[in-house]
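Chains as they are written, first to last, in the UniProt record's numbering: chain H, 1 to 523; chain Z, 1 to 294.
Simulated from the structure, these hints should not be mistaken for laboratory data.
Keep in mind it's a predicted model, so treat the numbers as computed, not measured.
We put the beta carbon where it would ideally sit given N, CA and C, even for glycine.
Partner residues aside, some chain Z positions facing chain H, computed with beta carbon under 10 Å:
(1) Ser51
(2) Ala73
(3) Leu74
(4) Arg91
(5) Trp98
(6) Ala102
(7) Thr217
(8) Leu220
(9) Phe232
(10) Asn234
(11) Ile242
Reference listing, derived: stretches of chain H covered by chain Z, where coverage requires no fewer than 3 residues with Cβ under 8 Å from a Cβ of chain Z:
(12) 56-66
(13) 312-319
(14) 435-447
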Amino acid sequence: MSTTETTASPHPQPTGYTSPLSRGRDGFRQLLHAEWTKLRTVRRWSLTLLGAVLATILASLLSAQGNQTSGGEDTIAVSADGTTVRDNFRFVHQSLTGDGSVTVRVAGIVPAPGRNADRPPILSPWTKAGLIAKASTVPGTGYAAIMLTPGHGVRFQHDFTGDTAGSSAGTAAPRWLRLTRTGALLTGYESTDGATWHKVGSAKPAGLSDTIEVGMFTTSPEAVTMNRSFSSTEVNGELGMATATFDHYTADGRVTGTLRPDDVRRAASSPNGPFPGMPSNTSTADNGTYTITAAGDIAPLEPDMDPVQQGLRGTMTGLIPLAALGVLFITAEFRRGMILTTFTASPRRGRVLAAKAVVLGAVTFVAGLLAALVSFGITRGILRGNGFKPPMFPEARWSDGSVLRALVGTGVLMALVTVCALAVGTLLRNTAAGIAVVVVVMVLPQILISGLPLGAARFLVQSTPMAGFSIQNTTHRVPQVDNVCLPEEGCYTYGPYAGLGVLAAYTAVLLALAVWQLRRRKV
Amino acid sequence: MPAPITERSSAHRPRAAVPRAPDHTHRGQHPLRLFPAAVHAEWTKLRTLSSTWWLLAAITAATVAAGAAATGALSSEHCPPPGSCDPDQVRTALTGLWIGQAIVAVLGVLMACNEYATGTIHTTLTAIPDRLRVLAAKAVLLAGITTATAVPAVGGSLLAARFILPTRGHKLAHPAISLTDGATARAAIGAVLYLVAIALLSLGLAFLLRDTAGAITTALGLLYVFPLLAGFVNSPTWQDNIRTFGPASAGQSITATHHLDALPIAPWPGLGVLALYAAAALTCGSIALCRRDA
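Let's have the full structure, built from the sequences with the hints guiding it.
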């Protein structure tokens, strides 16, 4: 193909004819306009866009309808900053006014028979036994605690979300723990022998008055076991009780009252207490040795489902028509020979593809955003009606940062996938193969991961383009809670933007390959 | 004047051939009126496209590779009491059907849509004006080549699993995969029929929609949207309903070899659901083909 420089031609037209039209310009803006005209004037493509939006909304609607929850347990408390938390433990405590400190030796933590007396008791790695200073025995109030855990060593935790790790080596009891109060500051120390002390962490818990409750506590969350074989995942949350033994308890400062046991928990509506069928918490004191047996947890409560994400589940269905649109936007030109006209008008092929990507990306972003907004608006009410309501599932508002991120992110996600499809279409130059490849790569991992072992499933979710779906996640997970995190249920082990970054990287690489191929190969 | 002479002589040639032609065309049946000849014509069209062979190779390769990968990923580390995990090995070995079916759908769609895209359909319908015969010839040929591809794909998958499973260190609760086992044989035969049904479903859609992109998208949507939705809902009733009425998820119940009572739909009725989809698509496709201008 020889390039003719029209502007540099010094010769007048031999016929003397001059076009009455002003000379066209070949800027990028004109290219965008040309591509927009192509997209807008093919009626089938507009219908495909509409179909993608409708498919997204309809599938979101269906998956919202098909999700029910019993609404969660009735032991939920709300912390000072509005987080829903679990705050259930056995507390052997006394009041402390002003500065002071408490010291204890945790002699041992053993599992205790729980609900199923016939099964061997299981000890959760996050069973907690140690010292706590709390504003009051009302669940949800501020606290700071230094504790020993069977699986995660010594920890200093405060106000449910704060967590600092102490020593993990030699976590086996006995272990000396100390909690000191200086003004508003609470500091946790640990020691192996009761003589040499190491600071673990310090914090200023919310809402502590001059007089607080200090003492020993034990609590044990459910031990989660998972049996995951192909095509079925069995998750068993075994409510485990734990028995911790304490001795050498000393308290310094203006301590009033003798040690008295209390169960910190919200008054449960069920007669059997918070955990039906569980033995109740107990504590005994015998000649300076305290034995506390309890079940529960002091931690943020993480719902196992994200209603916002659940309301956007139709996105993947909407991607199927969008994949077709993206592939067709270039393969139709190859098929009809239109590409010759396009490249004659604008010989710089990379720019043509860039213009196509920009136009297609912008249009599908708008369509995706629209679909996400409508889906979220419709499914919110349905999910609330199906049991996804406060306090277990906090009300999602349009103005929440995470909700906005999920909605706008859905638009970005759909745009990126469509541009990916455009690049694949350019590389393969074949409509049928292009559509099949994009659909299979985007959709199949989601179908297959529920049957794969957890490691393989996580790998698929993190390293294939479907990683981009993490942008729809609005829940914040803390590491100090053992949760069943199943990729097929939309649980991602990394942040929302990282996943979208993976998809963006795929898009960039595919586009670069497409430009390279487009310039290299004949049309 | 050499040019007119050659023109005249070339004009003479067909006329000279005319007397021989009536023997063939006017008396009795034109060869293409016979069904085997129609199938043969389709076969010629199909085998002379290099894309056909690529697609057939891809079906076998992708099915076996994905099945081997899935079998290789089996692990018993998450089974607390050893031996309590009881994965359906045959079903796992046939995981590749999920990919193979997409390529089969492409094959089925292209068999009709390629003719519409290039205009060959006019020639085909001129040669064989009985349109149902064209569709039947295509369907028979498609079923034949899909079977010929699915047999090595399914056999290869099972064979690969037979070799891979012992290397995974499994304490196998079941004996090695063998076709002498009734359920395994049913799964293997069913898997072949499953792919054939999907090919016919795609062919029907292709005649109905006549547009490559539209037919592919519809076929893939039918195959993949139901299992997607089933994974997104948590209510068991919904899951079972979606899996019962979705063509792919219902059809794949044919590959299950144990825990059959846990299936949303029994193996053969499940394949029947898929067959109904295929029959409906073919019926709609043939009505569209006969009623509409080509």
